[in-house]
Amino acid sequence: MGLEPPEKFYNAYPHELSGGQRQRAAIARAIIVNPEFIVADEPISMIDVSLRSKILELMKQLQSELDLTYLFITHDLAVSKYISDRIGIMYLGEMVELGLKKEIFSDPRHPYTIALLSAVPIPNPRVKRKHIELKGEVPSPINPPSGCRFHTRCPFKEETCETEKPRLIEVTENHYVACHKAQTLSIN
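So the number in this note's numbering is just where the residue sits in the sequence shown, counting from 1, plus 112.
Just so you know, these hints were derived from the structure itself, not from any lab. These numbers come from a predicted model, not from an experiment. Watch out, some of these pointers could steer you wrong.
Pair by pair, the computed Cβ-Cβ distance ranges are [unchecked claim]:
#: 1; residue 1: 296; residue 2: 248; range: 18 to 28 Å
#: 2; residue 1: 158; residue 2: 241; range: 27 to 37 Å
#: 3; residue 1: 177; residue 2: 254; range: 38 to 48 Å
#: 4; residue 1: 134; residue 2: 178; range: 35 to 45 Å
#: 5; residue 1: 202; residue 2: 234; range: 19 to 29 Å
#: 6; residue 1: 270; residue 2: 158; range: 34 to 44 Å
#: 7; residue 1: 241; residue 2: 279; range: 22 to 32 Å
Heads up, the beta-carbon is just placed ideally off N, CA and C, and yes, glycines get one too.
Using the sequences and the hints, build the whole thing.
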């Protein structure tokens, strides 16, 4: 786990550990019961950037060695691309797109996913991507809008979107989208 020597950490309090050490201790606590499934809610969000890759590598190593399944909750799409096999995109508590990471990143079909991906920096300056800026305010999750929850900010909305909630439909094999225009929207 990278907590060496272990004797140093037996009686340590959380405030005595660095962010990376706390995350490693949390991971150790999670795997000590030999789980098959771990929910990791923003496991690297409070860690220094220099330590993030080490924690992700540790998680991938443990996943392989212990045959773990993670539900990895994050706001960082670059991290989700690195750690995940499948990705689900949620908006106001509802799944709007679900699929293999290759499909989500190469052919997103929900307007929210398309907008999110347009905001992810690309390290290659030769690659150009249109940035989609979402207008309007995020609706209240306590009192969400009728129809599609994203329609108040969607650049592609139709009248149907305001009244009819879209179902999650399969647009390609194992790629599901909740959008009335899912069959026609694509960045490709």
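Hints, one by one, checked against the model:
1. 296 <-> 248: 18 to 28 Å: holds, 23 Å
2. 158 <-> 241: 27 to 37 Å: holds, 29 Å
3. 177 <-> 254: 38 to 48 Å: For residue 177 and residue 254 the Cβ distance comes to about 43 Å; the hint holds.
4. 134 <-> 178: 35 to 45 Å: violated, 21 Å
5. 202 <-> 234: 19 to 29 Å: Because 24 Å falls inside the window, the suggested range holds.
6. 270 <-> 158: 34 to 44 Å: Given a distance of about 41 Å, which is inside 34 to 44 Å, the answer is holds.
7. 241 <-> 279: 22 to 32 Å: holds, 29 Å
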